[in-house]
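Residues in the sequence shown are numbered consecutively from 18, following this note's numbering.
Treat the hints with care, since some could be wrong.
Said to hold, decoys possible - Per label pair, the in silico range of CB-to-CB distance:
| no. | residue 1 | residue 2 | range |
| --- | --- | --- | --- |
| 1 | VAL107 | PRO157 | 36 to 44 Å |
| 2 | ILE104 | THR46 | 15 to 23 Å |
| 3 | GLU82 | ALA53 | 20 to 28 Å |
Hints were generated in silico from the structure; no laboratory data involved. Every residue gets a Cβ at the ideal spot worked out from N, C-alpha and C, and that includes glycine.
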Amino acid sequence: MSLPYLAYGSNLLTARLAARCPSARAIGTATILGHALDFSKHGRDGTGKATITQGAARVPGVLFEIAAEDIPALDAAEGVGVHYEKIEIVLETGQRAFTYRALMRQAGLAPFDWYLALIRAGRREHGMALDDLAAVTLIPDPEPDRPGFIAAREALSRAGYRDWRAAL
């Protein structure tokens, strides 16, 4: 059995999501109505991570099918119960899917450059617009050996980026 999952952040990049959930298969692009995308989720590294908040906007994403046995690994990667909550959403088409939303938010956060590179690369992969990300402030990561940075470079390399900065 597989479940529909809506990715809107770094999991948009299939190579990133597949490293966490080998069964992940992209179905197509989708939109969450009545929500906005921001980077107010306080990451373990102190930077902003993507989350959705209720609002009058629309959040673009990619709908994936994920095998039920892969969901616990994704829940663990997202920090369900500590960092994110798993929620059911209704897409613009009326279809239901699950996604994640930050449990606690903090204004004024910005993402690391490599984190936004994952999102931009994922959007490009699926033919999605990037214009709403143009104004996002980036923080250069001073620690190239940070595990998250290493994993991001590996995912971007698997997605065909010889230099991760090309995804920016």
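Cross-check of the supplied hints:
Distance hint check for VAL107 and PRO157: the Cβ-Cβ separation is about 38 Å, which falls inside the suggested range of 36 to 44 Å. Checked against the hint of 15 to 23 Å, the pair ILE104 and THR46 passes, with Cβ atoms roughly 20 Å apart. About 26 Å separates the C-beta atoms of GLU82 and ALA53, a value consistent with the hinted range of 20 to 28 Å.
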